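Participant: Work out the full structure, taking the sequences as your base and the hints as a guide.
Residues per chain are reported as follows:
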Amino acid sequence: MSFASPMIQEPASAPEPAVAAKVAARNVNVHYAEKHALKDVSVDIPARAVTSFIGPSGCGKSTFLRCINRMNDTIPICRVTGEITIDGKDIYDSRLDVVLLRARVGMVFQKPNPFPKSIYENVAYGPRLHGMARNKTELDEIVVNSLKRASLFEEVKDRLQESGTGLSGGQQQRLCIARAIAVSPEVILMDEPCSALDPIATAKIEELIDELRSNFTIVIVTHSMQQAARVSQRTAFFHLGALVEEGSTEQIFTNPKDKRTQDYITGRFG
Amino acid sequence: MTSFYYALMVALALGAYFLVRSRAAALASGQTLHSRPTYHGLLAAAQVILPMILIHFAGSIMAARFVEHQALVAMDPALLTDELRRGAAFREIREFAIGRGAANATQALQAGAAMYAYLSALTNWAVLGLGLAVGIAMALFSLRSISGEFRARNRFEQVVRYLLMACATVAVITTIGIVFSVLFETFRFFQKVSPIDFLFGTHWSPQTAIRADQVGSSGSFGMVPLLVGTLLISTIAILVAGPIGLFAAIYMAEYASPKFRAWAKPILEILAGIPTVVLGFFAALTVAPLIREVGTALGLSVASESALAAGLVMGIMIVPFVSSLSDDVITAVPQSLRDGSYGMGATRSETITKVVLPAALPGIVSAFMLAISRAVGETMIVVMAAGLAANLSFNPLDAVTTFTVQIKTILVGDQEFDSAKTLAAFALGFVLFFFTLTLNVIALAIVRKYREQYD
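Line by line, the protein sequences give chains D and A. With my numbering as the guide, the letters of the first sequence map in order to residues 1 to 270. With my numbering as the guide, the letters of the second sequence map in order to residues 1001 to 1455.
Errors might be hidden in some of the hints.
The calculated lysine-lysine pairs, modelled on BS3-like cross-linking and capped at a C-alpha distance of 25 Å, are [as the list claims (entries may be wrong)]:
1. K204(D) / K157(D)
2. K1408(A) / K1421(A)
3. K157(D) / K111(D)
4. K117(D) / K136(D)
5. K157(D) / K1354(A)
6. K1259(A) / K35(D)
7. K1354(A) / K111(D)
8. K117(D) / K1449(A)
9. K111(D) / K1259(A)
10. K111(D) / K136(D)
11. K136(D) / K1354(A)
12. K259(D) / K39(D)
13. K1449(A) / K1354(A)
14. K1354(A) / K117(D)
15. K117(D) / K204(D)
16. K117(D) / K148(D)
Since the hints were derived computationally from the structure, they do not count as laboratory data. In this text the structure is predicted, and so the values were computed from the model without any measurement.
Facilitator: In structure tokens, the structure reads:
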């Protein structure tokens, strides 16, 4: 992966946000074949807080999210340039093991995608993969804890051996969150996690995101401005592949600096 | 006469279609029609065609019976009760009537033939006349039923529905018919040979004495050697095709570049199109001698026709079945499951073995089942490469024989249909059918379960 951009900046000299940056992106560009999907995005994502990416469809917010755990690597025509660091380490370094990166940066997808296995096996998948439990007791503990932290345990404790695909949509999504946190990631990326859910299930997930904030760095892509306002501390507004404005959620929603941000949050387009 | 009848029918139907359509169109200019003119026309054509076909079928069958009966009566009324001579006599009458009979025909034969010729012509014309009359009547009826409220569109929908139902029924009835005819002959076989001897006997030698003074043809019908031979060859085949086909499918679905896949997949499927007789002589002339040479060099005794040769080539034959079906089910596993797994930090092979294959497993199992039932029913390769000797042997280097080979051997050439030897073919066929049916039912059940999985 080439990141020989002439405008490369020292991560240390970046303007310090209020909280220490967990993830820092500098001049990130993404091309899908000929299409320039993401243009010169530079942003700092603080640790132990929820950062939301908002913007109209096709603005590049999901594309950028997928850069943070290099999920775009699975798309052959996708090319990423620029620099993204986590704790100061470049994640596009050729010596970095992308598999280990994804264990540190978990992901929850738009549509709940539990594996067609039992609820237990779904959560145990990551810990088994990475050898995190030495025996069955430890594995049980990880599974139960993860389900508890995803506020799903009470609902499924009597049917851990039943298929994960038999749960309701909201439960499936919480199962996917439990699966993601089972490997103790540092960052959790959520790509429109509530877009396939009804309002009640959405409220539960939002509550969960708020609880998880004390332990994880969370980045959430959302179409719903209300959701961004409810769950996040920082908000970044994307438009046509560029990062237009980034700041505290309160500032973005009450006092946006850019005209386009104002137009979007007041519902003039998007 | 038949082609004339159908030409008339088509002409009448076309006429009815255009006439009714144009009448309906003319009516449409004054008022709103329930159905568009085309539907009035289509319904009219269907109302002409269907009764005419029905009349032709029923009329021809009834006429043929009537003509045969009357011709035989004219020749010699005693023939009617004599089952054996009856068929021969009627064939003679027909031959004579079309001018291919012997010159020295008897008076009776001439009378029969004259009656046959006269009544044939008469009934043909009667069927033609009746069909034509009904067709014209139906066309007129269609013409009269045109009106604004007439629901020709809904009526035509019903016609289509019954037509489709008839086609489905033909397929089902044919299957049932075949099953029952095999079943019937199998019962006849079991009247001559005990089912216990057939199912559990370990000696297969179907030669029975035709005359009392023949020797060495006791006839024993134990199917166990054939079962073992069939299973041995099928096992070898699936051991070859299973791994090759499955791994090829995994490579095609998960690793291959779209460019490679685009030309490699069709080539693999061409393999399924090679006639099995070609694969058969490849097995008999290339693979079998090769195995024998290698075996002899290693100090093993290998028959020149061996289960191994047939099994290997049959395995190659069913590779496309396994790979193509497996490839389809692997590609059908949603990308979101793969993303979920990659997102957890799984490598590609971990994702395939832990998520993709388990999700696709029911489909893969059913692909294997279909491939096995294909191998069990395959004939040509085993005929050419596995031999005819009904050895009860589990050694893949021996010559063995299978159900299909024995059925073919029994039924090739002249035979009488009341001997145990000939009837044994039906019993073998029934066992084979039962075997593949069971495999297919299992495969279908698994596929059905699999379809419910991601929803």
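Participant: Look at each hint and say if it fits the structure.
Facilitator: Status of each hint after checking the structure:
1. K204(D) / K157(D): holds, 18 Å
2. K1408(A) / K1421(A): Measuring from Cα to Cα gives roughly 12 Å; hence the hint holds.
3. K157(D) / K111(D): At roughly 23 Å apart (the allowed maximum being 25 Å), K111(D) and K157(D) satisfy the hint.
4. K117(D) / K136(D): The given pair, whose Cα atoms are some 18 Å apart, holds under the 25 Å limit.
5. K157(D) / K1354(A): holds, 24 Å
6. K1259(A) / K35(D): holds, 22 Å
7. K1354(A) / K111(D): holds, 20 Å
8. K117(D) / K1449(A): holds, 14 Å
9. K111(D) / K1259(A): violated, 30 Å
10. K111(D) / K136(D): The given pair, whose Cα atoms are some 30 Å apart, is violated under the 25 Å limit.
11. K136(D) / K1354(A): Given that 25 Å is the threshold and the Cα spacing comes to 19 Å, the pair holds.
12. K259(D) / K39(D): holds, 19 Å
13. K1449(A) / K1354(A): holds, 20 Å
14. K1354(A) / K117(D): holds, 10 Å
15. K117(D) / K204(D): holds, 24 Å
16. K117(D) / K148(D): holds, 19 Å
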